[in-house]
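With these hints in hand, go ahead and build the complete structure from the sequences.
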Amino acid sequence: MVTATAPAAAAPVVTAPAPAATTADATNNVVPFAPPAQESNEGENPLLAMMDLQETKNVQAANASLFAQLPQFSYNGTTEVIENLDQTFEELREAKAEDFTELEEAASVTWNVTYGTVAKKVAKPKKTKIGEFKREIETSKEFLDGLKKSTTKKPACIVKPSVTMKPKGIALYKGVFLTMEEAEDSGKTITFIPSADGLVYERRVTEAGEFVTPASEVKLLDKIIPGFVSALPRIPYTLFSQALDLFRYMMKARADGTPLEALIHIYWDKEDEKFILHVPRQSVGHAIVLPDAGEEPLDSDRYIHYADLHSHNDMDARFSAVDDRDERANRIYMVVGHLENYFPELTVRICNGGTHWLIPADTVLEPLPTQVFPHKWLERIQMMDDAARLDSECFDMDEVWGKAA
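Throughout the sequence shown, residue numbering follows mature numbering (1 follows the signal peptide of the UniProt record, and there is no 0), covering -20 to -1, 1 to 385 in sequence.
It cannot be assumed that every hint is accurate.
Straight line, CA to CA, 25 Å or less: simulated DSS-like cross-link-like pairs of lysine-lysine [claimed, not checked]:
#, residue 1, residue 2
1, Lys100, Lys154
2, Lys101, Lys134
3, Lys76, Lys106
4, Lys199, Lys76
5, Lys104, Lys76
6, Lys140, Lys100
So the derived label-pair ranges between C-beta atoms look like this [what the hints assert, rightly or not]:
#, residue 1, residue 2, range
7, Val209, Lys232, 45 to 53 Å
8, Lys107, Ile170, 43 to 51 Å
9, Val259, Ala309, 16 to 24 Å
10, Lys107, Phe80, 19 to 27 Å
If you are wondering where the hints come from, they were derived from the structure by calculation, not from laboratory data. Bear in mind that the values here come from a model prediction, so they are computed numbers and not experimental data. Here a beta-carbon is modelled for each residue, glycine too, at the ideal position from N, C-alpha and C.
What follows is the structure in structure tokens.
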């Protein structure tokens, strides 16, 4: 038996560098990571150093599945696996800036990686690849020693950006202004100005001059979705059904059979808190409705003129150029067409400051009433996934559907 005895401190021993992992290591199920470099320390026992190196290899082999785990991006309560390990931290920032606009300015963002007991700051985000940084931690003595002692044997590799504090508001060189004059006086090199033509313009000032173009995207501004959010309940289907009954009657009211149009106003009664239908005096034809301009509207102190609903009898439910000209007040407009069908067509839009915009019908109308069907019916219905072969095995499809002409 060979007994290792630690030499006295006065007798220096030069230790040979630890060998790198070899092909034989991989054959013995050792993950081919380069072990951490061993420093040459005076008084170190070579045998103990070799034993420590072997233990490091054993830790690496035992944690091969851990090293195969992908790192995770973590920010502001969001966690996502990073699949592309060849990208740099700067490239990851650019990819995430679309979702987290505070990451847009690279100078304000720092990166930290926490992996087991190791927490490291990324010194050069533009040049450092995420996968290489992860492997650098995995091969460090600090990380491997931490694994030996930790009760958590599979810690996650967390990649986390931090945004340095800056003045409230937007970048000092950017701004949004109501007029070109304000933008020019601001001294900012990048400004955004709304125009009378309804567009937003981007103005940039460089040493070469002043550039002004329509802005394709302005991240400083909120993303606005056009539409309508009602302050009132949806119009009951029973009222809408009454209106359809009138329109269908007008389809056959004329002696010669010519279908006619009609107009209904829908009001909200503020006292009774309900919708009512009101038919104004009107003269109608096949493709025209002329309301009586002299008729007094309902009392606006009590009633809100909420919507106009008119019919296009057997024609498409499409707003005409005449409709566009007449329907200019801020309210909801509905047109019903093809009333000869069991289910007629319906188109709904709003007018806001003279601009028309289509909206879904169920934004303002209750859905059709439904009836609960017996659930036993479902027992007699087989899903096509289970019965797909019936087409070829049980049926001659030419006989079922008729031969193609």
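Requested in this report: List in ascending order the numbers of the hints, as given earlier, that are violated by the structure.
Outcome: Hints 1, 7 and 8 contradicted; others consistent.
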